[in-house]
Each structure stands twice: as structure tokens, then as C-alpha cells.
Amino acid sequence: MDKIYTVRGELDKGFCGQISYNVSLNRIYKNMNITLEFDEAKRRYRDEEITPEIIKAFRDECNGEYNIDAASDKEVAEMVKGNCKTEIHISAFLNGEFIGNIHKQLAKRTMSFGDTVSEGCLPTDVITGALKVTVQVFNVIKDATAYSVTVECE
Amino acid sequence: MFKRLELHNHTTESDASITAWELTEHMLKDKVDAFAITDHNTISGQKKIADIIKEKGLSIGLIRGMELTSYYGHILCLNLTKYVDWEDIDLHNPEKLFKRAKALGALAGVAHPYSYGAPFARGCRFDMTLTDYSDVDFIEVSNDLEPLHEVNERGLLYWQDLVLKGEKLAATAGMDLHGLWDFSDNFATYIESETADNSNIEEELAKAIKTQKTWISKSPILKCDASGSDLKFEIIDTGKLGYKASNKPFRIVLTTESEEKEIVVSGNCATLAKSGIMGKRIVPKLYRGEAIMENLVCVSPLIEL
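Chains as they are written, first to last, in this note's numbering: chain A, 1 to 154; chain B, 1001 to 1305.
Hints listed in this document are in silico derivations from the structure and should not be mistaken for laboratory results.
Careful: at least some of the hints might be erroneous.
Straight line, CA to CA, 30 Å or less: simulated DSSO-like cross-link-like pairs of lysine-lysine [claimed, not checked]:
hint: 1; chain 1: A; residue 1: Lys104; chain 2: B; residue 2: Lys1248
hint: 2; chain 1: A; residue 1: Lys104; chain 2: B; residue 2: Lys1165
hint: 3; chain 1: B; residue 1: Lys1048; chain 2: A; residue 2: Lys30
hint: 4; chain 1: B; residue 1: Lys1232; chain 2: A; residue 2: Lys132
hint: 5; chain 1: B; residue 1: Lys1232; chain 2: B; residue 2: Lys1280
hint: 6; chain 1: B; residue 1: Lys1248; chain 2: B; residue 2: Lys1232
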């Protein structure tokens, strides 16, 4: 497959929003792969990373909900470990039409179109024209979380 | 007859562990009349299930849908065949997303409004502020995955409060299925139907939702007839598999804008004079034993006197 582009970026802790990349596919392609990857090591908190500041921030964000006031710091630390995660998904649009989304709890995933259509994606008659890839950032728990998007076609 | 619908289900097309076929098979085993496919932000599984049903000649009905999954809340879209774009999401204007889904022909409702959100799972709680419900068709008052009191009781009270104020909102329940989970003793959504044929189930669902004639039930249905001078109640068992019926008597609770009235039922029928009720809108609920959330078995459509 020919690489159309790779883009790389870094996300700050707390970022929530969408980042889109637009490109014109100037040839007619038979197959296309779109891969999103982000830093697996920054996806969850490790035990040693759960500081009193992180526990306090978690409590503050709960804002009195979820019985948080009754939980000990040790219990909150377990909640942080078990629940807090960086969550990033990806969707794709071709010539303004939705062609796929991968919403899975994975740090690396690939959308495939053409001879093989991967789960979450729709068959496309022809792969050409305006491709928009949108990175959907639901949550980022650590600063400088690196991600990349790669589009390959043949 | 009443049809049991499972309206909130995922597959490996998004983050569940079961394929389109496994989901279909799971529904068939539990004798569901119709089910929805509502994967997160994709519609890719719809055709796969439709093809399975067609190729195998199955009588189970399919409701095509998607769970619009955003950072600020989830919107369950049913009778939807196209992706609903939400790139321009605005925390302070969720109405435009409901309008957009409806413009595509969908029924749109708030999914699990009080689910655990951030910092546990950003987006799972409905954090957007709805001020205009005219494009909202339903509230998912019971999401069987969620805690009974912290999430589902609040969801039920949210819906009840809105309909008692005059909002036209149906109530639904869903398993939010992400695997081969047990349906036993969980709520499902029921609609009344005149046919056993499920080939037009999306039309039947649309009619039921738009007239707010949906029941959420663990199996017994509380049917209410308000056409005469009395309110007549009948309890009908739908035979939902795995329902753990207790021996305690049924208790009907009628909540109006101004009071709550309880009726202990001996047998399967009850009658109450309309004149004995203060209020114009009534939410009927059916319990088995004491009227506590743990004993709730059915929530019926709003009665307007």
C-alpha cells in the first residue's frame, strides 16, 4: 500500500474534542487502511502515578456524586486505576458521506475499506475524492499523549 | 398481544464482544419479538443482521439504529439508517442533534441519563442541558447495566417528572448489551400489537413511541383502560423468560401531579373511580409487594384524564 499521509500530534491532559484531517485522494484506489494509534503507556494510570493530587482531582470532578464522599482515599485510588483512561476513537467520511468508525477500547486500530471491510465500516463503491478523518478525543489523562493517524491506499 | 423489544444492543461493530450473528442468535434464544442494533457511532451492523434475518427466514424483527456517542451524553437513535453527524456538538444546544436525527427519520431519545459520567466514563452521563423536548421522543428510563437507585431510579423520576408536566415522552428500557448477558429479571420495552408478524416492526415502534404507548416491564404488563368513568386495570403476564415472580400481591401506584395513590390488587384486575384521583395526568406503576424500586415490575404509559 502507498502511504498517503501520516500525521502526528500530542494531546494535553483534559483535552476533549475532535481533530479532523482532510485530504484529496487524487487517484481511484481499490483498498484503503486508516490507522489510529496513541500511546498505550499513557492510556491508564500506573499505581505509582496515582498521587494525592490525582485523587483530589478525581474527587473534585465527581462533585459529590457517585457516593464519592463516602469513599476512602484508597478506594478512590482504585477507582482512578480502574476507571480513568485515555479514550480516543476515529471516524472517516468520503465525499461527505460517513464510511466508518471504530469505537473500541484499543490504543491501536485500523479501519479497512475495499476488498476487506473491517467492523464498524461500510462498503464503498469507489475510493477516491475528499477524505476526512476525524479523531474523536473523549478523554486524555496524561500530558503529552502522542497519537498518529496514517492513511494508506492501493 | 404485547411484543417484547430489546432496544439497546451492541456488537463487535463497536465495542461489544458479540458479532451481529451472535446477537441475533442470543435474541432468538430468549424469544424476543424484535431487537435494535445500536452500535456506538456506526450503522455498519445493520445490513449484516438484516441479511441474516432474510437469509435464514427468521421471524424476529430488526430495528435499525445507532447510539450517538458523544463526550456529553448518548442519544439512542432508532429507525435510523444513516449516520448522524455530531461534529458540531454543543453542550448548551443538544436540541440540534435530536432535530438532526429526526430529520433522518429516526426516533431519538436520551440514553441512560444518569449513568456514571466523568471522571468514570466521559459521555455516559447526559450532561447536556435540554430545555426543549419537542424533538425528544423517549427517555431510556431503565438501562439494565446500571445501578438501580443511583442511575435507573433517577432516570425513571426524570421521565415521570417531565411527563407529569405535559411533555410527550415515551419510556423505554434496554439491556445495553455488550455480550451474551442474561436477560432474566431485567426490564424490556413492550408495545401493543395486533399482529404476530414483525416485518413492519419499525413502523409499529414509531407509532408506539410517538403516541407514548410503551411499557417497560420485567414480564407483567399493567394495562389501563381510562375510557369510562372508572380506571380499569388488568395485569397480563407476557411470559418473559427468567422472570422471578414472587408470591406477594401486586400493588399499583398511581402518581399524579399532586398525589400518589396505592392499590393492592387481589387477582389480576382492579378498578378505581376517576373521581377519587386528584390530578389530570397519571403515571401507573406496578410493584410486586412493597412499592420500592427493587419490587418494580412494570411502568405503564401515562394516562391523561
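Hints and how they fare:
Annotation: proposed proximity of A/Lys104 to B/Lys1248 is violated, straight-line Cα distance about 44 Å (limit 30 Å). Restraint check for A/Lys104 and B/Lys1165: not satisfied, since their Cα atoms lie roughly 39 Å apart, outside the 30 Å limit. At most 30 Å may separate the alpha-carbon atoms for a hinted pair to count; B/Lys1048 and A/Lys30 meet this at roughly 22 Å. With a C-alpha separation of about 58 Å, the suggested pairing of B/Lys1232 with A/Lys132 is violated against the 30 Å cut-off.
For the hint linking B/Lys1232 to B/Lys1280, the alpha-carbon distance of about 16 Å falls within 30 Å, and the restraint holds. Between B/Lys1248 and B/Lys1232 the alpha-carbon distance is near 21 Å, which keeps this suggested pair within the 30 Å criterion.
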